[in-house]
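Colleague: Quick mapping for you: the protein sequence lines, in order, are chains A and B. Note that the first sequence covers residues 1 to 318 in the numbering used here. Note that the second sequence covers residues 1 to 124 in the numbering used here.
Derived by calculation from the structure, the hints in this document are not laboratory data. Honestly, I wouldn't trust all of these hints.
Cross-link-like lysine-lysine pairs, in silico, DSS-like; alpha carbons within 27 Å at most [unchecked claim]:
| id | chain 1 | residue 1 | chain 2 | residue 2 |
| --- | --- | --- | --- | --- |
| 1 | B | Lys72 | A | Lys213 |
| 2 | B | Lys72 | A | Lys248 |
| 3 | A | Lys221 | B | Lys29 |
| 4 | B | Lys69 | A | Lys248 |
| 5 | B | Lys69 | A | Lys213 |
| 6 | A | Lys213 | B | Lys29 |
| 7 | B | Lys29 | B | Lys72 |
| 8 | B | Lys29 | A | Lys248 |
| 9 | A | Lys248 | A | Lys184 |
Okay, the calculated bits of chain B under chain A, using three or more residues with CB under 8 Å as the criterion [claimed, not checked]:
| id | region |
| --- | --- |
| 10 | 48 to 62 |
| 11 | 87 to 95 |
Ranges of calculated distance between the beta carbons of each label pair, as one might list FRET restraints [to be verified]:
| id | chain 1 | residue 1 | chain 2 | residue 2 | range |
| --- | --- | --- | --- | --- | --- |
| 12 | A | Ala287 | B | Tyr55 | 21 to 31 Å |
| 13 | B | Thr41 | A | Glu20 | 45 to 55 Å |
| 14 | A | Pro278 | B | Tyr55 | 29 to 39 Å |
| 15 | B | Ser34 | A | Gly178 | 55 to 65 Å |
| 16 | A | Trp49 | B | Ser34 | 51 to 61 Å |
| 17 | B | Glu54 | A | Ala148 | 50 to 60 Å |
| 18 | B | Gly18 | A | Gly201 | 33 to 43 Å |
| 19 | A | Arg267 | B | Gly18 | 19 to 29 Å |
All C-beta atoms, glycine included, are put in the ideal place defined by N, C-alpha and C.
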Amino acid sequence: MLVRFWGTRGSIPVAMTSAEVKRKLVTALVAAAERGLDTPGKARAFVEWELDFSVSHTFGGNSSCVQIETGGADYVLCDLGSGARVLGNNVLATGGPSGHRFHVFMSHLHWDHIMGFPFFMPAYLPGNHVRIYGCHDRLEEAFRRQNAAPSFPVDFSRMGAQIEFIRLEPERDYDIAGLRVRAKRQHHGGDSYGYRLEHDGKVVVYSTDSEHKQDDPEEVKAFVEFFREADLVIFDAQYSLADAISVKEDWGHSSNVVGVEMCQLARAQRLCLYHHEPIFDDERIAALLAETRRLEEITRGDHRVEVQAAYDGLEITL
Amino acid sequence: MELVSKRFADTAVVFPQGRIDHATAEQFKGALVSHLATCATGGGRLVIDMTGVEYISSVGLRVLMLASKQAKAQGCTLAVCGLQPVVREIFDISRFNLVLSVFPTLREALAALSGEALAAFGAA
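Here chain B stands alone, though its shape is the one from the complex (with noise of 0.2 Å):
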């Protein structure tokens, strides 16, 4: 899963596409690892925008959920936002949208991560 990302100031925006399921996954997690990774160095912002994601399975969460630990052990700030009905009610099923940042938009994830981030996504 190659995964398509933006760059707003000091905050990375990633676009995940499709289902996250048990086929999927790995390639998820395998595509989050370099964002993480800059992330950490640039003690910066990473933001998940679902709005592509028609479905996110347990393995899926999974995934979000280990990022959203490094992401915490290296002191970057990780947030969700656009999730479509279906990826909204599983994650509040799971009780996802209790142990993750979740906003309904990019603006509102930038708006509350970055003011510099957001003042980049109002100008772009």
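Here chain A stands alone, though its shape is the one from the complex (with noise of 0.2 Å):
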């Protein structure tokens, strides 16, 4: 299984500065003085092997969509934020105009997870087939609606691929193009839902926009069981616990060391820090994962978590 991220900022999409560009550049070249870095290879290795990765990458700025692999023909999905416009022309760039099926499960329906759709090539192209799952009843609606005016020229029915809307019931197994996915309930403004997807012995959880009020210990416990043994959990970090819980309680989003806690208890063997706040910067997500990696450790028990940063690009192999 593997598990490739194309869209992973939280609440907006969000695009680096020239400001930012220029700092990196000069960290970078400081660095690189004297080091007689004459030949591309030589820069490339210097970059890609001794630069710090928020000097020589970017988290990115797309808003959520992760895809999933399975070496299925079909591509498996997890959210249509601003991520899918590029997943989209990858796909039409690397395997031609048509015949393909996409299968997207829908956390919810807020507008930096479905803003992608608008922008996705292969649904437009006829012979091409768009299957949306998701557990909210206005599904279609809201779909439909972004692509109506006055908001987009567009409208939905010129959409020219098979485009079809599943409701799926939480709590309850299903599979779909050789997975075994099971949504759950979350705690977010209209709701959000999470996906344990399991394929061949692996186990993905995606969980974003997820507040963990933890102020009901059987609450905790479930959320404990759908992430149990997971080989990689998704997390909803945008928040800091302090600000979760005190200025930004309600809000419907988590934070890093609830994600650690909660894959501890849940024995998982990978964290992904996802969802990452809007305003942060490279240098910013960077020190998050490191402070993330350093109270894994500090609160290990008898079980290691692997603590990863999402960043658009990024691909995991379970």
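Can you join these two chains into the complex? Each is in its own frame, and there are hints to help.
Modeller: Laid out in structure tokens, this is it:
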């Protein structure tokens, strides 16, 4: 199983500013001084292996979209944020204009999770098939509405692909595109749903836009079971714990601290921090990742949880 | 969880022990209730001395946040002190160091909260 991240930013897409690019360049040039990087190969190796990730890369700015590859012909996605635009273009560039089938599991219908669909080119091309799954009763309406005037110039009815909307019930197992799939309701404005996706003994949990209020031990237990022994938990870590339970209480997001604890309790293998706060630059997210790894280390019992931070373009093989 | 407590003039000090996690947070919350009530009626100050706490989870931190909110609403001042290194790091990473009044030692907490309490502490 391979998990590929096309959009990892929370709430709204962001673009790196020219000031940030300049800061990275200055840092890199100073680090490279007197290193004799006189060939592209040497420079590439230096960038890849010696510069900090936050200098040589960016966590990226597209909103939520994750692809799960199981080896089958169909595409399996979670959410259709702005990252779906990049994915769609990539599919057309590498696989031609038609004959593609997509299965999309929607966490919820807030704008940042659906905004990529009007720009998802495969949906406009006859011969493609898009199946959109979700637990919300206004699933189809949300997609049709964002393509309607005056918000968008191309009406949903002009999308040439076969597009279906399939309602799922939470807490029930489904077999879809070779995966065993189960949805779970989460705390978020208008509700959101996490997905536990299993294939060939591997488990991915996609749990974004989920506030863990921790005021009900039974609910904590239920989430721990949902995460139980997952190979990868993709976790909404937009806020600090202090913010999540004070000024941003009931805003519907969680923290790195709760992510570590839940994965430790569930004995999950890997925690991937996701839905990054839009005001955080790359340095801030890198620092958050380092702190989260440190937290995992100092609170570790007999089970180690590997911690990563998602970025647009990250691939995780399970 | 029973909380050992002491009073220094107008300031009450409680001393939780061990781990404050999913298993013990509710007890910790319950044990704080009477101290918060006393703090309110006295218009006073409450210090939670964490010297004996080796670990605190998010649920335990939530109890501290609720206590802090309640104290503030009652016109009572709440502070935390004596964090062990691991607990200190948990406070920093969770950003609780930014939302609670945290002091290195009980003496420093009392010095910041009440001269009378500090004097009583020094005399004890």
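Colleague: Give a verdict on every hint.
Modeller: Hints and how they fare:
The suggested pairing of Lys72 of chain B with Lys213 of chain A holds, with an alpha-carbon distance near 21 Å, which does not exceed 27 Å. Restraint check for Lys72 of chain B and Lys248 of chain A: satisfied, since their Cα atoms lie roughly 18 Å apart, inside the 27 Å limit. Using a Cα cut-off of 27 Å, the hinted pair Lys221 of chain A and Lys29 of chain B holds, with the two alpha carbons roughly 19 Å apart. Taken as a hint, the Lys69 of chain B and Lys248 of chain A pair is honoured in the structure, with Cα atoms around 14 Å apart against an allowance of 27 Å.
Restraint check: the Cα-Cα separation between Lys69 of chain B and Lys213 of chain A comes to about 16 Å, which is no more than 27 Å; the hinted pair holds. Between Lys213 of chain A and Lys29 of chain B the CA atoms are separated by roughly 15 Å; this keeps the pair inside 27 Å, and the hint holds. Using a Cα cut-off of 27 Å, the hinted pair Lys29 of chain B and Lys72 of chain B holds, with the two alpha carbons roughly 16 Å apart. The straight-line distance between the Cα atoms of Lys29 of chain B and Lys248 of chain A is roughly 22 Å, inside the 27 Å bound, and the hint therefore holds.
Simply put, Lys248 of chain A and Lys184 of chain A have alpha-carbon atoms about 23 Å apart, close enough for the 27 Å limit, and the pair holds. Counting residues of the region 48 to 62 of chain B whose beta carbon lies closer than 8 Å to any beta carbon of chain A gives 6, which meets the minimum of three for the stated coverage. Here's how the region 87 to 95 of chain B fares: 6 of its residues keep a CB closer than 8 Å to some CB of chain A, so the rule of at least three is met and the hint holds. Roughly 23 Å separates the CB atoms of Ala287 of chain A and Tyr55 of chain B, a value that falls within the hinted 21 to 31 Å.
Here the CB-CB span from Thr41 of chain B to Glu20 of chain A is close to 53 Å, well matched to the stated 45 to 55 Å. Here the CB-CB span from Pro278 of chain A to Tyr55 of chain B is close to 33 Å, well matched to the stated 29 to 39 Å. Between Ser34 of chain B and Gly178 of chain A the C-beta distance comes to about 58 Å, which sits within the given range of 55 to 65 Å. A hinted range of 51 to 61 Å holds for the C-beta pair Trp49 of chain A and Ser34 of chain B, which are about 58 Å apart.
As the Cβ distance of Glu54 of chain B to Ala148 of chain A is approximately 58 Å, the hint placing it in 50 to 60 Å holds. At about 39 Å, the beta-carbon gap between Gly18 of chain B and Gly201 of chain A stays in the expected band of 33 to 43 Å. Roughly 23 Å separates the CB atoms of Arg267 of chain A and Gly18 of chain B, a value that falls within the hinted 19 to 29 Å.
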